[in-house]
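Numbering (the working numbering), first residue to last: 1 to 145.
Since the hints were derived computationally from the structure, they do not count as laboratory data.
Because the structure is a prediction, the values reported are computed rather than measured.
Treat the hints loosely; a few may be bogus.
Think about it this way: if two alpha-carbon atoms lie no more than 30 Å apart in a straight line, the pair counts; the simulated DSSO-like pairs of lysine-lysine are [to be verified]: (1) 115 - 83; (2) 3 - 19; (3) 67 - 111; (4) 115 - 33; (5) 33 - 111; (6) 83 - 33; (7) 83 - 49; (8) 3 - 33; (9) 19 - 83; (10) 83 - 67; (11) 115 - 67; (12) 49 - 33; (13) 3 - 115; (14) 111 - 19; (15) 3 - 49; (16) 115 - 49; (17) 33 - 67; (18) 49 - 19; (19) 111 - 49; (20) 111 - 83; (21) 3 - 83; (22) 3 - 111; (23) 19 - 115.
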Amino acid sequence: MGKTILLIEPYMSIWVDTKTNILYVDWWGAITKENVLDGCRLLLSMLEKETCNMIINNNANVTSHWKATAIWAATIGFLELDKTTCAYFAWVKPPQSNLSSDYVARLDTRKVQVKIFDSQLAAERWLLSVQQNLPQKEEAVEEAA
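Make the full structure from the sequences, and use the hints.
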C-alpha cells in the first residue's frame, strides 16, 4: 500500500492509498463541534484536490464526540459530500456507538452510498469489492482494442 499523507491535525489525519485511490480520514480522541466542522471542511477541500470516489471515515479511536454529529452529518455534511467526487463512504463507527443502518436509510444522498462498519478491515473489504465490480476505465478498454 502506497500512502500519501495529506493532512495531520491534533484530532484527525487525512491520507490517500495511492494504489487503491481510497481516501482515509482517521479521527481520534475527544471530538468537538469545531473539530467536526473544521475536519469536514478540510475533507471536502481534499476531495477537490484528490478526486477520490471512495472514503473510509474511521472513528475507531474516538473517545467522545459532539452529540449532534450524526444530525449535522445527515442534514448538512452528506449534502455537501454529495457535491463531490465521492460515491462510496465507509463509516467506521466509534466503540460503543449505536449508529446503525437505520441512520443510513434516513440520509438524503443522491449519489453517495454510505455503509456503517464496526472495523476498518470490514470497511476496506467493502470498498475493495466495490472497486472489483466497477466497470473498467475506458483507457483499459481502448488499450485492449
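**Message:** I'd like to know which numbered hints this structure contradicts. Please list them from smallest to largest.
**Reply:** Going through the list in order, the structure violates no hint and respects every one.
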